[in-house]
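We have chain P already, so just place chain C on it with the hints.
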Amino acid sequence: MSGTQSSKLTRTLIWLWTATVLLFLYMPMLAVVLASFSKQRYFRFPITRYTTEWYGKTLESLSVRDLLWTSLTVAALVTVFSVVLAFFGALAFARYDWKGRKLYQKLVLLPIFFPQAVLGLALLLWFSALGVITSWQTAVFAHMIWIVPIVILIMSIQAYSFDPALEEAAFDLGATRWQVLREVTLPILAPGIVSGAIFAFLLSWGNFPLSLFSTGADSTVPEWLYAKMVSGYTPMVPTLGSLTMSAAALLLLIVYLAWLASSVRRKRHSAPADS
Amino acid sequence: MARLLHWLKNPGVLSALPASLFLLVGFAGPLLMVLGYSFMPPKTFTLDSAPTLENFVSVITQSYYLSFLWSLILAAITVLLLFPICYPIAYGMAKLFGKWANLVTALIALPLLISENIRLFGWVLLLLKNGIIDGAMQSLFGLPLSGMLYTVSAILLGLVYVYLPFMLFPMVIGISMIPDTLKEAAFDLGATRWQVFREVELPLAMPGILIGSILTFILALGSLAESKILGGQVIVMIADDIESAFTFAQNWPKGSVLSVLLIALSGLIVYILFRRIDLDQIIGRR
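Heads up: the sequence lines are chains P and C, in that order. If you read the first sequence in the numbering used here, its first letter stands for residue 1, the second for the next number, and so on. If you read the second sequence in the numbering used here, its first letter stands for residue 1, the second for the next number, and so on.
Calculated directly from the structure, the hints in this document are not laboratory data. Owing to the predicted nature of the structure, the values given are computational and were not obtained by experimental measurement. Hints are not guaranteed to be accurate.
Stated by the list, open to error - As a list, the in silico DSSO-like pairs of lysine-lysine whose alpha-carbon atoms are at most 30 Å apart:
hint: 1; chain 1: C; residue 1: Lys99; chain 2: P; residue 2: Lys267
hint: 2; chain 1: P; residue 1: Lys57; chain 2: P; residue 2: Lys39
hint: 3; chain 1: C; residue 1: Lys129; chain 2: P; residue 2: Lys39
hint: 4; chain 1: P; residue 1: Lys102; chain 2: C; residue 2: Lys129
hint: 5; chain 1: C; residue 1: Lys99; chain 2: C; residue 2: Lys183
hint: 6; chain 1: C; residue 1: Lys9; chain 2: P; residue 2: Lys106
hint: 7; chain 1: C; residue 1: Lys9; chain 2: P; residue 2: Lys99
hint: 8; chain 1: C; residue 1: Lys129; chain 2: P; residue 2: Lys8
hint: 9; chain 1: P; residue 1: Lys228; chain 2: P; residue 2: Lys57
hint: 10; chain 1: C; residue 1: Lys183; chain 2: C; residue 2: Lys95
hint: 11; chain 1: P; residue 1: Lys228; chain 2: C; residue 2: Lys95
hint: 12; chain 1: P; residue 1: Lys57; chain 2: C; residue 2: Lys129
hint: 13; chain 1: C; residue 1: Lys99; chain 2: P; residue 2: Lys8
hint: 14; chain 1: P; residue 1: Lys39; chain 2: P; residue 2: Lys228
hint: 15; chain 1: C; residue 1: Lys95; chain 2: P; residue 2: Lys106
hint: 16; chain 1: C; residue 1: Lys95; chain 2: P; residue 2: Lys8
Said to hold, decoys possible - Listed below are several chain C residues computed to face chain P (Cβ distance under 7 Å; list not exhaustive):
hint: 17; residue: Val13
hint: 18; residue: Pro18
hint: 19; residue: Phe27
hint: 20; residue: Met33
hint: 21; residue: Leu96
hint: 22; residue: Leu113
hint: 23; residue: Asn117
hint: 24; residue: Asn130
hint: 25; residue: Phe246
hint: 26; residue: Ser259
hint: 27; residue: Leu261
Ideal placement from N, C-alpha and C gives every residue a C-beta, glycine not left out.
The following block holds chain P by itself, in its conformation from the complex (with noise of 0.2 Å):
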């Protein structure tokens, strides 16, 4: 093709190009951890004297620990509702034909679609309105409105690929209708389940939107990190958000890990039908 040589030009460029841009999106993640090494009481660069002792001041303190449980408490209990709601959610999203579907498919994203921080707002007058005192189990809600969506549209990506003969079959054999969930839908699923509920769980531990208008008393991470850099600064603001960094890069490390042990083993069983 005449075209060969730009091509090749175009695709250096075009890697160079998106080397500079994941650069651009890691460059603040990186000023932060160089910044909770810092010695200094405010954030002065070139860094002149390097220090740990944040760190050790940050997991002492007994406010940190709230905060960290609090968010802990809010992400878990998220996931947990979030899958299984949108686990049925997708099926009806993909799976399923049924009148109705593509009204359903639209209206239920429209919540990812909102602006987060009249969300929350609108969610402190309904919980005001109804009496509801707000605190981190409103906080839960608040946050499953945003993420149950994201986690439906996650899930019927996995769903969309799903064969419906394969339940089919099993009814003819004579599976109940919870055998078939159990042992055919369920597993099919797997994947679609499990990257639903790493971006619930992390959606939730970084949410700051719709924590700030649904926590009322409680605190969590990301609030208590927005209310220092506005006021207050401490060397922790850094040291915490390097904490919970690489707690979420840990989780993601632990599940990526998972997830490569477990296709070895597929493989290992796998191996000798095939050969």
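What follows is chain C alone, placed relative to chain P:
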């Protein structure tokens, strides 16, 4: 009645029910309530007064159009900047990177899982007076580069930074819907690179590009953290106004009117887009 019962027995309807009911209570309910409050007299905290348009009049006659305008302008510039930034990457991910595409996807998606606050705080450290960029310029070239933080450009940088993946991923799906054979055919018929881009690629990738642009535009329109963390008090965006009406001013009806106007604007845009798009085709690629 019998038909309704029959419809309800469909497994699709049954499985749609839990999530739909949940969103009815948690999403539709609060929004209807905001709509209700927007017609209440100023500074009331109940819904039992006679409906009035007072708040709409006061919002329109006061200077709120300024924050609406700032939000609209910044959201529009964000989309316009993200298009050329994302297109080459999306093209690479859909057509060139092959097995590396998964890695690039993961690397771009990972920051989404880190709190927006932490990432924006990173920009504060970079842009701050005596921060990383200023400090490095001073010690390397003796040129101070302060005054970057708390500007409109800093807010814009934050918006472009935070919403990049929301533009990129739908664009990748859009571009991967272009069959390579069509492009080759256009080249064979003597089209230039630019003609192929404008007359083959762009129209075919349009559903994905549109979804990405609208998503970015709407999220940027209602953004709060960027202007607060990177903008200081330099300008007021509409979400700031809504927040202060609900919190400091304790004027729920006014906050509700501003929300209703923002929602109506976003809703109009989403409606125009969604009317033309088939989600099965885009997500399921059937």
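Here's how the hints hold up against the structure:
This hinted pair checks out: Lys99/C and Lys267/P have alpha carbons roughly 20 Å apart, not beyond 30 Å. Between the alpha carbons of Lys57/P and Lys39/P the distance comes to roughly 12 Å, so the proposed pair stays at or under 30 Å and holds. Under the criterion of a C-alpha separation no larger than 30 Å, the hint pairing Lys129/C with Lys39/P is consistent with the structure, at around 18 Å. As the CA atoms of Lys102/P and Lys129/C are separated by approximately 52 Å, the hinted pair breaks the 30 Å bound.
In summary, the hint linking Lys99/C to Lys183/C is supported, as the alpha carbons are separated by about 22 Å, within the 30 Å threshold. Of the pairs offered as hints, the one joining Lys9/C and Lys106/P holds, with about 22 Å between alpha carbons and a cut-off of 30 Å not exceeded. Of the supplied pair hints, the one linking Lys9/C and Lys99/P holds, its CA atoms being roughly 12 Å apart against a limit of 30 Å. Our distance criterion of 30 Å between C-alpha atoms is broken by Lys129/C and Lys8/P, whose separation comes to about 42 Å.
Taken as a hint, the Lys228/P and Lys57/P pair is honoured in the structure, with Cα atoms around 16 Å apart against an allowance of 30 Å. Taken as a hint, the Lys183/C and Lys95/C pair is honoured in the structure, with Cα atoms around 12 Å apart against an allowance of 30 Å. About 44 Å separates the Cα atoms of Lys228/P and Lys95/C, which puts this hinted pair outside 30 Å; it is violated. A hinted pair counts as satisfied when its Cα atoms are at most 30 Å apart, and Lys57/P with Lys129/C qualifies at roughly 27 Å.
Between the alpha carbons of Lys99/C and Lys8/P the distance comes to roughly 18 Å, so the proposed pair stays at or under 30 Å and holds. Distance hint between Lys39/P and Lys228/P is fulfilled; the C-alpha atoms sit about 18 Å from each other, no more than 30 Å. Between Lys95/C and Lys106/P the alpha-carbon distance is near 29 Å, which keeps this suggested pair within the 30 Å criterion. Of the supplied pair hints, the one linking Lys95/C and Lys8/P holds, its CA atoms being roughly 13 Å apart against a limit of 30 Å.
Interface hint at Val13/C: satisfied, since its Cβ lies 5 Å from the closest Cβ of chain P, which is below the 7 Å cut-off. Satisfaction of the interface hint for Pro18/C is found here, the shortest Cβ-Cβ separation to chain P being roughly 5 Å, below the 7 Å cut-off. With 7 Å as the threshold, the beta carbon of Phe27/C comes within range of chain P, its nearest partner Cβ sitting at about 5 Å, so the hint holds. Here the hint on Met33/C is kept, as its CB sits about 6 Å from the closest CB of chain P, short of 7 Å.
At its closest, the beta carbon of Leu96/C sits 6 Å from a beta carbon of chain P; the interface hint therefore holds under the 7 Å criterion. For the restraint placing Leu113/C at the interface with chain P, the shortest Cβ-Cβ distance is roughly 4 Å, inside the 7 Å limit, so the hint holds. The beta carbon of Asn117/C is positioned within 7 Å of a beta carbon in chain P (closest approach about 5 Å), and the interface hint is therefore held. Because the closest C-beta pair between Asn130/C and chain P is about 5 Å apart, less than 7 Å, the hint holds.
With a least beta-carbon distance of about 5 Å to chain P, the hint placing Phe246/C at the interface is held under the 7 Å criterion. Satisfaction of the interface hint for Ser259/C is found here, the shortest Cβ-Cβ separation to chain P being roughly 5 Å, below the 7 Å cut-off. Nearest Cβ of chain P to the Cβ of Leu261/C: about 11 Å, over the 7 Å cut. The hint is violated.
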